[in-house]
Amino acid sequence: MSVDDIVLKTEELYYRYPTRSDYALINVNLDIRKGEFVAIIGQNGSGKTTLIKHFNGLLKPTRGRVIVDGKDTRGLPTSELARSVGYVFQNPDHQIFAETVKDEIDFGPKNLGFPPERIEQARQRVLAEMGLQGLEEEMPFQLSRGQRQRLAVASVLAMEPVILIVDEPTTGQDWRESISLMELIYQLNKKGHTCVVTTHNMNLVSLFARRVIVMWRSEVYLDGTTQEVFAQVDQILRAGIKPPEVYELARRLLPDVRLDRPIIPEDLAELLVKEREKIHR
Amino acid sequence: MAIIELRDVSFAYKDSTVLALSHVNFSVERGEFVGVIGPTGAGKSTLCWTIVGVVPQILRGEFSGAVFVNGLAANETPVARLAQIVGLVQQDAEAQLLMTDIEKEITFPLENLCLPREEIDKRLNYVLDLVGLRENRLRHPFYLSGGQKQRVAVAAVLAMEPEILILDEATSELDPVGAEEIHDLAGSLKKQGKTIIMVEHNIDELARHADRIVVIDHGEILRDGPTREVLSDVDFLCGLGIYPPQVTQVAYHLSRQYGVQFEQFPLNVEEGEELFGKMLRA
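Protein sequence lines correspond, in order, to chains A and B. Counting the first sequence from 1 gives a position; our numbering is that position plus 30. Counting the second sequence from 1 gives a position; our numbering is that position plus 2.
Just so you know, these hints were derived from the structure itself, not from any lab. The model shown is predicted, which means the values in this text are computed figures rather than measured ones. Any given hint could be a false lead.
Unchecked claim - Below are the BS3-like pairs computed for lysine-lysine, each with C-alpha atoms no more than 30 Å apart in a straight line: (1) K132(A) x K83(A); (2) K106(B) x K192(B); (3) K83(A) x K308(A); (4) K90(A) x K132(A); (5) K304(A) x K192(B); (6) K308(A) x K280(B).
As the list claims (entries may be wrong) - Only some residues are given here: those of chain B computed to face chain A with a beta carbon under 10 Å: (7) A75; (8) V179; (9) V252; (10) L256.
Using N, Cα and C, we set each Cβ at its ideal position, and we do this for glycine too.
The following block holds chain B by itself, in its conformation from the complex (with noise of 0.2 Å):
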């Protein structure tokens, strides 16, 4: 059974006549990597928020359809209990952030589970090792990087051990380098089996680790297939305003511009200088 589904939802904000879900259809299934695009307003972080149930328990507005999460009903479940199952990082990880030390900000939500104290430890130095940030336990946030910030933001998240983790653009304000350590440490996430979702404009990193992209305008999902297909699509992409990862795009014009064949188009650096090594030299 998947772990995530949304059947037929539509939502619209209190006050608003426009629909920010339209008749979606989504599901995820446990252990995928999901990247979800899409110009600004499309509709994505909503989408994030009905997971979640802050929509429409919290945001409140319009709800029709009904989104499940790992069995249970997203839109009745109380979202402290959801948050148990699933983890949500935002753009703005310093909102999210109010302990004076890094080790406080893991902690607290933990406590408030009435973890026997062990069993926070155990998890406190895990996830500390898995971002990185060990030595910089007892920092106050406010001295760290916009990336090292963003990674306490992901450390507190999976503190709670939820299976499924969504970044709804939480690289935007990091440098390329920062975005980079993000994408990865989602990778390794998704190889421990944990299931993700990322909302991303990155799309050159979103193409490296997800397995499946979706793409969604004006609350509607337009594509959803596999990371290859929906990114090979360049007119597509670039008809919405979404740059495509620019050795696809390399191999596009080649192909629509001078007539070379490819089987497939590349989305990586090392699949372009494979391609075209092998098309230089036939």
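Same shape as in the complex, but just chain A (with noise of 0.2 Å):
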């Protein structure tokens, strides 16, 4: 891969809230490509969300960089930056304003300023990608939640970012809920849009994420794979992070086996009728 691969980076990171003294970032320095499927985890307050608040640059670096798409967001207004980093927010109901749903999706675009056809073309393709055709005049709110939700992920398609962020796809909302906003994030993905998730649910986390960042005292403090990251289970709980069930497990059944991917509930039940298979033989 090439540099021009990477859609968002951070270099030597600073940032002070200004009524502190310590510094809520220090020194991060990152390299998210376009396609990563990255899940950014830590405990309440080890700086995640202010790291998150400066990709749609909400915040802006004390010091050291920010550079979106290809773009310092020193000097660019947050509306600007909305063009590159779509935010979705874990409730549809929060988001969704307008009358119809297509107003709902025209709205971002509008306000980036895209010419009508430009508009109208942005509308029909996120309708057909959301599964939404043929809703374009009914009231939003008279939908059902799931197509909520797929509008509240099409109006932000609608505006072409480059990135997607999810803060917190499990707050006020069930297990069933999660996985079906994840689901939509997942096949977007899938088409190539890089997506960047934080949460504090682990088991979500391994489904869907490709490559975690910890961080831990306004530090990255572990960055690769999901496998590799969870299997560190010492590192992961000094972070005050608790691995999902299945990689403790695999650490005190299986020492020796080297995950070459993330694992769920199915997978180490496979790899341990293996490693049974593998004993008697």
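Take each chain as given, in its own frame, and dock them per the hints.
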């Protein structure tokens, strides 16, 4: 991969809130490439929300640089960054406000000053992508919850962002609702969108993310593939995170097995059966 | 006698035709730790509110059936009186906190009960130690982490010395370690003889301390049994969109797909290590 693939870059990023004397981010250096699915995890207060807020320009570095889609965020208003970074809310009802599906989707592109043909094209594209064709004139609040969720994502996609950010998809939602939002994001990732998610739910991380960044005490503490990071059980516990149970079980029962991809319970069952066959051969 | 008893309770919120609770029969013995699980909108919070009298006394609607808490009829007993028997901590601890430091947050309700100063100090010190916030006692709640705020909320409720503690999704905003702290606190309170009801999406944590699990959906109790029995029904829980502990799921796949026999499914990593280890060596 070439450097051109990097869609999000932080260089020696430091941030200090104006009212505080200590740094909320210390020397954060990250490269996120096009098409990655990254989870940023960490304890409350570890710096992950502060970091995410630098990606859509809500915060600007105290020191160092953040480059989003080739642009230094320091010179850019948040509205300009909205072209590159789409921010998906946890709860679709916190985002939806327009009278019709059409108006909801067109709102972002209009604000970005897209010409009418491009607004029309963007709308048709996201309606198709999110399976909402024929619902343009409906009132959002009469749609099902699943449809409202897809509408919320559609209206973000209409702005043609390069990066999608999902901040804690589990708050106020049960497992099924969280999964359905993540499935949508996953489909978009497969089509080439770069996705960054923050969450406390490690089971969700292990189902979807391919790369995990662990924040601890304002610094990047671990950064690697999902299976590499979760396999480092002791380090990750020190950072206040509990890895999914399957990784802890794999470490205790299959210490010699090197995981080449993230695992879920089905995978561990299969690995255990293989191990048993190996022992008895 | 059960410390909490709901007999054929049905409730629909004002202006709603949907039953938030539908013919619920539910009882809790003194000293039990009961976990309540179910999808969003299942009626879990409504169940909690009937026990503290908020439903139907403050949140009104069509109420039928009977709720007894320590022998008192909860739909008629003043909520303030019930609050001395049952403490409720909700998801958004911040909404509960209103004073300018932790100490005041804890002592304010006690002063309202006109307790003597020595008693107030005794309780204050006890709960501060219990939740590990003694050193932060003079801090403004605003400067606390999410986990600390949640622990202040628990401390303030515990200072009232309720016999029953209800935690309604009290860990949902917390990071994994913060959530574990609250679960362990609830577990140690149970050991001291308190009755605990915990509404929770984090089934892995719930499995560690709960004696019993109740599954609710559409206002009805679908399951009510020992923790292991309820959580071992992986198909049923997944059908409701509930994610059982991963270790239990591993056992389920081993038995379902590979014919491995288990006497019982494991609920935590330690049990899983032992059972699966035996399977590898067998």
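For which of the previously enumerated hints does the structure constitute a violation, in increasing order of number? The structure breaks hints 3, 4, 5, 7; every other hint is satisfied.
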